[in-house]
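Below, each chain spelled out in residue letters.
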Amino acid sequence: MSDVTYSSAADPGEDVYADSYETVDGTIYNLAGGDWDSIAAAPEGEKERIVVNMGPQHPSTHGVLRLVLELDGETVVDARCGIGYLHTGIEKNMEYRTWVQGVTFVTRMDYLTPFFNEAAYVLAVEKLLGITQDIPERANVIRVLMMELNRISSHLVALATGGMELGALTAMTFGFRERELLLDLFEMVTGLRMNSAFFRPGGVAQDLPTDGEKAIRDTLPLLRKRMKDTADLLIDNAIWMGRTVDVGYLDLQGCMALGMTGPVLRSAGLPHDLRKSQPYCGYETYEFDVPTQTSCDAYGRFLIRIAEMHESLKIVEQCLDRLTPGPVMVEDKKIAWPAQLSIGSDGQGNSTEHIKHIMSESMESLIHHFKLVTEGFTVPAGQAYVAVESPRGELGAHVVSSGGTRPYRVHFRDPSFNNLQATAAMSEGSMVADVIAAVASIDPVMGGVDR
Amino acid sequence: MTESGTPVVPEGVSELDVVGVRRGSFQVSGSGDTSGFGGLVSPIVMPAPTERPYGGWFDELADEIELALADRNLPVSSVIDKVVVDRDEITFFVLAEYIVDFARMLRDEPGLRFEMCLGVNGVHYPEDKGRELHAVYPFLSITHNRRLRVEVTAADANPHIPSIVGIYPSNDWHERETWDFFGIVFDDHPSLTRIEMPDDWAGHPQRKDYPLGGIPVEYKGATIPAPDNRRAYN
Numbered sequence: 001m002s003d004v005t006y007s008s009a010a011d012p013g014e015d016v017y018a019d020s021y022e023t024v025d026g027t028i029y030n031l032a033g034g035d036w037d038s039i040a041a042a043p044e045g046e047k048e049r050i051v052v053n054m055g056p057q058h059p060s061t062h063g064v065l066r067l068v069l070e071l072d073g074e075t076v077v078d079a080r081c082g083i084g085y086l087h088t089g090i091e092k093n094m095e096y097r098t099w100v101q102g103v104t105f106v107t108r109m110d111y112l113t114p115f116f117n118e119a120a121y122v123l124a125v126e127k128l129l130g131i132t133q134d135i136p137e138r139a140n141v142i143r144v145l146m147m148e149l150n151r152i153s154s155h156l157v158a159l160a161t162g163g164m165e166l167g168a169l170t171a172m173t174f175g176f177r178e179r180e181l182l183l184d185l186f187e188m189v190t191g192l193r194m195n196s197a198f199f200r201p202g203g204v205a206q207d208l209p210t211d212g213e214k215a216i217r218d219t220l221p222l223l224r225k226r227m228k229d230t231a232d233l234l235i236d237n238a239i240w241m242g243r244t245v246d247v248g249y250l251d252l253q254g255c256m257a258l259g260m261t262g263p264v265l266r267s268a269g270l271p272h273d274l275r276k277s278q279p280y281c282g283y284e285t286y287e288f289d290v291p292t293q294t295s296c297d298a299y300g301r302f303l304i305r306i307a308e309m310h311e312s313l314k315i316v317e318q319c320l321d322r323l324t325p326g327p328v329m330v331e332d333k334k335i336a337w338p339a340q341l342s343i344g345s346d347g348q349g350n351s352t353e354h355i356k357h358i359m360s361e362s363m364e365s366l367i368h369h370f371k372l373v374t375e376g377f378t379v380p381a382g383q384a385y386v387a388v389e390s391p392r393g394e395l396g397a398h399v400v401s402s403g404g405t406r407p408y409r410v411h412f413r414d415p416s417f418n419n420l421q422a423t424a425a426m427s428e429g430s431m432v433a434d435v436i437a438a439v440a441s442i443d444p445v446m447g448g449v450d451r
Numbered sequence: 001m002t003e004s005g006t007p008v009v010p011e012g013v014s015e016l017d018v019v020g021v022r023r024g025s026f027q028v029s030g031s032g033d034t035s036g037f038g039g040l041v042s043p044i045v046m047p048a049p050t051e052r053p054y055g056g057w058f059d060e061l062a063d064e065i066e067l068a069l070a071d072r073n074l075p076v077s078s079v080i081d082k083v084v085v086d087r088d089e090i091t092f093f094v095l096a097e098y099i100v101d102f103a104r105m106l107r108d109e110p111g112l113r114f115e116m117c118l119g120v121n122g123v124h125y126p127e128d129k130g131r132e133l134h135a136v137y138p139f140l141s142i143t144h145n146r147r148l149r150v151e152v153t154a155a156d157a158n159p160h161i162p163s164i165v166g167i168y169p170s171n172d173w174h175e176r177e178t179w180d181f182f183g184i185v186f187d188d189h190p191s192l193t194r195i196e197m198p199d200d201w202a203g204h205p206q207r208k209d210y211p212l213g214g215i216p217v218e219y220k221g222a223t224i225p226a227p228d229n230r231r232a233y234n
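Protein sequences appear in the order of chains Y and E.
Residue numbers in the first sequence follow the working numbering, run continuously in steps of one, and reach 451 at the last position.
Residue numbers in the second sequence follow the working numbering, run continuously in steps of one, and reach 234 at the last position.
Hint data in this document are derived by calculation from the structure and do not stem from the laboratory.
None of these values were measured; they are calculated from a predicted model.
It is possible that part of the hints are untrue.
Here chain E is said to cover these stretches of chain Y; the calculated rule only asks that three of the stretch's residues, wherever they fall, bring their Cβ under 8 Å from a Cβ of chain E [claimed, not checked]:
(1) 206-218
(2) 318-325
(3) 426-440
30 Å max Cα-Cα, derived DSSO-like pairs, lysine-lysine [unchecked claim]:
(4) E/K208 x Y/K371
(5) Y/K334 x Y/K92
(6) Y/K225 x E/K208
(7) E/K82 x Y/K92
Beta carbons: idealized from backbone N, C-alpha and C, even for Gly.
Please take these sequences and the hints and turn them into a complete structure.
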């Protein structure tokens, strides 16, 4: 050790990060944990305020969320969120891709709800193109089917991670196990468990596989049974109720002021659901209820998520019943992707029929294929705002076109981004432990918050 | 298009809203383009202002707004720059100095009752001289189940728009985001700081004039050009 030299600041045995400095508000002590003894000598009688940085790398902050908590004892006096750790510039990136390629980006925003991101985007593009009415029935049914399965998988993760954050580890393992059933279905239908890029302007990327309908139908009974098991773990569970009842309270007035949507708003008793009030993809033809609670707390939001999963199952069954053979992409050949995927001997590839057609039968088809794939279609200039009811609330896509083959500007109003603003209102004045329950009841996904 | 390159005004439309000009079919210039497409010049025309009747419930909404403005002694012509009805959506272009009054009216007037402002989004039109920055506010009325859009413009030279956080507290983060990405200063915002980018970041990344980085490649000094400098269709 003799050849090691320490800089003057780093006296061995002393924590370099545990410094202190004077400000107009008094002395500030920086602590990094395990060194509380070093400030035992702080003068008596001074008002003690502790500022704790929770996150961004902390298992109970729902991803890379940073919470800056000012504490008085164990009571939260002031709660602030720091976000931006997962900003990926998706909106900017999309301005340099074709309209179809945009789907690949948006599906990665809120990574628990890929189909909702895609739906908001493609519905906005379809509105700009003026083809909303031309989307084939089967495409709409498949979209609703996938969205509702996705709502269940997203709510399962909300229960799983929320449970884990409050110490209910079995809820976590159950939730992720059940979600796996759904991810298997997503993989079967789209080829990918997450980030599917399955919805396309004009329809969906490809039809359900031949045994897809049956596979989904066969999964439902098991899913229903297991969902009940997970719910039974927590409903009326004394510990769970002790952690969530009257925690994260936000009444209707607060919800309206903070622009809350989704389960948080419905836990304040307002049955606002865009699937009912401003239906899209044919939601007006499905029978389902909008569950509400009036407790305005984290437990109410938990009950709503449980109930919504069962409503989603009802919709999924209705979708399966009304699946009739037909096209899954608009007729318009100027918009519809020319090729269909098929599984070759290597497990992937374009349909051989299509390749044969463009390579040896029709020069015009080849040109058309080439133009549509490389250049893409143009969208008339204008702007559209389309909102869908994602598992977290109103997910809006504001899409601006300047008449070119690429979006001029795409902006997503992500419900997580907006709802996270309620952290302060929900947790100030409560205990530190309740902050976790409050944030978990908002169920933010940082991929969506930061985009 | 006429021969001089100015767009022909379609029938029934008072003026055209030209926000830019697109040149060529490919984004590059100066290359050996023999196709002739490089000579294309076409204006980027956003949907033009709409005259009454707007159709559907839009007229009812516009009547309510005009009445409510009159109640507040605000002259309609000076508050609302123009109204655009396009693709079943109605957009009110409101002058920046009136946005706070307009937002308060949207929230408080029983006949309007837009309980929710779903944030604000910036759009940058560098060639829309004197109004380069657009702030777009989507509103939702749960009571009446209606949506409307309010658009406010600001010049790049003076990018100030009054904040409506005092009326819609939910716009707090949304306005910070729009400041962060576009440099629109929302006056009287309680704490207009960056939200997505680091605090010490320079520039506003979602503006069209924000330089994008290319990627150096370890091959004889080659680089992959930035996306805005690549050859691409437009």
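Hint-by-hint comparison with the structure:
Interface restraint, the stretch 206-218 of chain Y with chain E: violated (0 residues with C-beta to C-beta distance below 8 Å; minimum three). Counting residues of the stretch 318-325 of chain Y whose CB lies closer than 8 Å to any CB of chain E gives 0, which falls below the minimum of 3, so the coverage claim is violated. Coverage of the stretch 426-440 of chain Y by chain E is violated. Counting CB-CB distances below 8 Å, 0 residues qualify, and the rule asks for three or more. A hinted pair counts as satisfied when its Cα atoms are at most 30 Å apart, and E/K208 with Y/K371 qualifies at roughly 26 Å.
As the CA atoms of Y/K334 and Y/K92 are separated by approximately 26 Å, the hinted pair is consistent with the 30 Å bound. Between Y/K225 and E/K208 the CA atoms are separated by roughly 52 Å; this puts the pair beyond 30 Å, and the hint is violated. For the proposed pair E/K82 and Y/K92, the alpha carbon gap of about 29 Å is at most 30 Å, so the pair holds.
The structure fails hints 1, 2, 3, 6 (numbered hints given earlier, in ascending order).
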